[in-house]
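If you want the building blocks of each chain, they are given just below.
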Amino acid sequence: DAGVIQSPRHEVTEMGQEVTLRCKPISGHDYLFWYRQTMMRGLELLIYFNNNVPIDDSGMPEDRFSAKMPNASFSTLKIQPSEPRDSAVYFCASSAPGHRPGELFFGEGSRLTVL
Amino acid sequence: AQKVTQAQTEISVVEKEDVTLDCVYETRDTTYYLFWYKQPPSGELVFLIRRNSFDEQNEISGRYSWNFQKSTSSFNFTITASQVVDSAVYFCALSDEDSSYKLIFGSGTRLLVRP
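Residue numbers (this note's numbering), protein chains in the order written: chain Y, 1396 to 1510; chain X, 32 to 146.
Hints listed in this document are in silico derivations from the structure and should not be mistaken for laboratory results.
From a predicted model like this one, the values you see are computed outputs, not experimental measurements.
Even for Gly, the Cβ is constructed at its ideal location relative to N, Cα and C.
Accuracy of the hints is not assured; some may be wrong.
[As the list claims (entries may be wrong)] Partial chain Y-side listing against chain X, Cβ under 10 Å, derived:
1. Tyr1426
2. Leu1438
3. Tyr1443
4. Asn1445
5. Val1448
6. Ile1450
7. Phe1460
8. Phe1469
9. Gly1493
10. Arg1495
11. Leu1499
12. Phe1501
13. Gly1502
[As the list claims (entries may be wrong)] Computed cross-link-like contacts, DMTMM-like style, restricted to lysine to aspartate or glutamate with a CA-CA straight-line distance of at most 25 Å:
14. Lys69/X with Glu1503/Y
15. Lys34/X with Glu1406/Y
16. Lys69/X with Glu46/X
17. Lys69/X with Glu1439/Y
18. Lys133/X with Asp1451/Y
19. Lys34/X with Glu46/X
20. Lys133/X with Asp1425/Y
21. Lys133/X with Glu1498/Y
22. Lys1463/Y with Asp129/X
23. Lys1463/Y with Glu75/X
24. Lys69/X with Glu1498/Y
25. Lys47/X with Asp1452/Y
26. Lys133/X with Glu1439/Y
27. Lys1419/Y with Glu75/X
28. Lys133/X with Asp86/X
29. Lys1463/Y with Asp1452/Y
30. Lys34/X with Asp1451/Y
31. Lys69/X with Glu1457/Y
32. Lys101/X with Glu90/X
33. Lys34/X with Asp1452/Y
34. Lys34/X with Glu1439/Y
35. Lys101/X with Glu1457/Y
36. Lys133/X with Glu1409/Y
Kindly generate the complete structure, drawing on both the sequences and the hints.
Written as structure tokens, this is what we have:
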């Protein structure tokens, strides 16, 4: 079975540019999570969806960040405009009711560098 | 507030040694869940175990074992007869009953197993 697929794997952009990260969850999973990993702050939950509906976005840093899940097989995390402090690895993860809550399946991450 | 502390930033052992990774947590909830995840060099986090607060039985899975002690708010992870493939960053995490999908991660412990 295919795992969680994220794209791009690496992105280098300049400050002020728009960045869009993409995620395809595991088929049949109805929870989707966006995490950010940095050296300073570790792993932080940004937002999560259940059945395509955002449940908790309290971790989204500011209005420059937005996330959408237009259907069960696709989600985006957008940063506009990007800033150097947004440089991080962004992980998407998914989970399903049949699994124990908290048992997440992670993608390989999108490493973002903002110059 | 919930918090997870992994005081060991990095551990280096020689293959076949036993190693214990420490995890101390803080929560005011009586019902909560504890987790361990592994992040190998490829980057994606891999679920290892989930334990609820009412189950203090230690668990063993092959060379892995977990020691949950509510009295000391600890959930330690031991690898017996370590192998080079165990080299990774290991994260302890915590969630509560109301937000069982919202994991609070520790800062991680980097384990290096040398041949």
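Verification of the supplied hints:
Because the closest C-beta pair between Tyr1426/Y and chain X is about 6 Å apart, less than 10 Å, the hint holds. Annotation: Leu1438/Y was flagged as interfacial toward chain X, and the flag holds, the nearest CB pair being 4 Å apart, inside 10 Å. This hint holds: Tyr1443/Y has a C-beta 6 Å from the nearest C-beta of chain X, less than the 10 Å allowed. Proximity of Asn1445/Y to chain X holds as hinted, the smallest CB-CB distance being about 8 Å (cut-off 10 Å).
The beta carbon of Val1448/Y comes no nearer than 13 Å to any beta carbon in chain X, farther than 10 Å, and the hint placing it at the interface is violated. Checking Ile1450/Y against chain X by beta carbon gives a least distance of about 8 Å; that is within 10 Å, so the hint holds. A least Cβ separation of about 17 Å between Phe1460/Y and chain X goes past the 10 Å threshold, and the interface hint is therefore violated. Hint status for Phe1469/Y relative to chain X: violated, with the closest Cβ pair at about 19 Å, above 10 Å.
The beta carbon of Gly1493/Y is not positioned within 10 Å of any beta carbon in chain X (closest approach about 14 Å), and the interface hint is therefore violated. Look at Arg1495/Y: its Cβ gets to within about 5 Å of chain X, closer than 10 Å, so that hint holds up. For Leu1499/Y, the shortest C-beta to C-beta distance to chain X is roughly 6 Å, which falls under 10 Å, so the interface hint holds. For Phe1501/Y, the interface hint holds, since its Cβ comes within 10 Å of a Cβ in chain X; the closest pair sits about 4 Å apart.
A hinted interface residue such as Gly1502/Y counts as satisfied when its beta carbon comes closer than 10 Å to some beta carbon of chain X; here the least separation is about 6 Å, so the hint holds. Between Lys69/X and Glu1503/Y the CA atoms are separated by roughly 13 Å; this keeps the pair inside 25 Å, and the hint holds. With a C-alpha separation of about 31 Å, the suggested pairing of Lys34/X with Glu1406/Y is violated against the 25 Å cut-off. Taking the CA atoms of Lys69/X and Glu46/X, the gap is about 18 Å. The hint holds against a cut of 25 Å.
The hinted pair formed by Lys69/X and Glu1439/Y meets the criterion: a straight-line CA distance of about 16 Å does not exceed 25 Å. Distance restraint check for Lys133/X and Asp1451/Y: the Cα-Cα separation of roughly 9 Å lies within the 25 Å cut-off, and the hinted pair is therefore satisfied. A threshold of 25 Å between alpha carbons decides the hint, and for Lys34/X with Glu46/X the separation of about 32 Å lies outside it, so the pair is violated. Taking the CA atoms of Lys133/X and Asp1425/Y, the gap is about 15 Å. The hint holds against a cut of 25 Å.
Between Lys133/X and Glu1498/Y the CA atoms are separated by roughly 11 Å; this keeps the pair inside 25 Å, and the hint holds. Of the pairs offered as hints, the one joining Lys1463/Y and Asp129/X holds, with about 24 Å between alpha carbons and a cut-off of 25 Å not exceeded. Between the alpha carbons of Lys1463/Y and Glu75/X the distance comes to roughly 22 Å, so the proposed pair stays at or under 25 Å and holds. For the given pair, Lys69/X sits about 12 Å from Glu1498/Y by alpha-carbon distance, which is consistent with the 25 Å threshold.
The suggested pairing of Lys47/X with Asp1452/Y is violated, with an alpha-carbon distance near 44 Å, which exceeds 25 Å. Proposed proximity of Lys133/X and Glu1439/Y is supported: the alpha carbons are some 10 Å apart, at most 25 Å. For the hint linking Lys1419/Y to Glu75/X, the alpha-carbon distance of about 14 Å falls within 25 Å, and the restraint holds. Distance hint between Lys133/X and Asp86/X is fulfilled; the C-alpha atoms sit about 20 Å from each other, no more than 25 Å.
A hinted pair counts as satisfied when its Cα atoms are at most 25 Å apart, and Lys1463/Y with Asp1452/Y qualifies at roughly 11 Å. Only pairs whose Cα atoms come within 25 Å are accepted, and Lys34/X paired with Asp1451/Y is accepted, the gap being roughly 19 Å. Distance hint between Lys69/X and Glu1457/Y is unfulfilled; the C-alpha atoms sit about 29 Å from each other, more than 25 Å. For the given pair, Lys101/X sits about 15 Å from Glu90/X by alpha-carbon distance, which is consistent with the 25 Å threshold.
For the given pair, Lys34/X sits about 19 Å from Asp1452/Y by alpha-carbon distance, which is consistent with the 25 Å threshold. With a C-alpha separation of about 12 Å, the suggested pairing of Lys34/X with Glu1439/Y holds against the 25 Å cut-off. Distance hint between Lys101/X and Glu1457/Y is unfulfilled; the C-alpha atoms sit about 37 Å from each other, more than 25 Å. A C-alpha spacing of about 32 Å is found between Lys133/X and Glu1409/Y, which places the hinted pair above 25 Å, so the restraint is violated.
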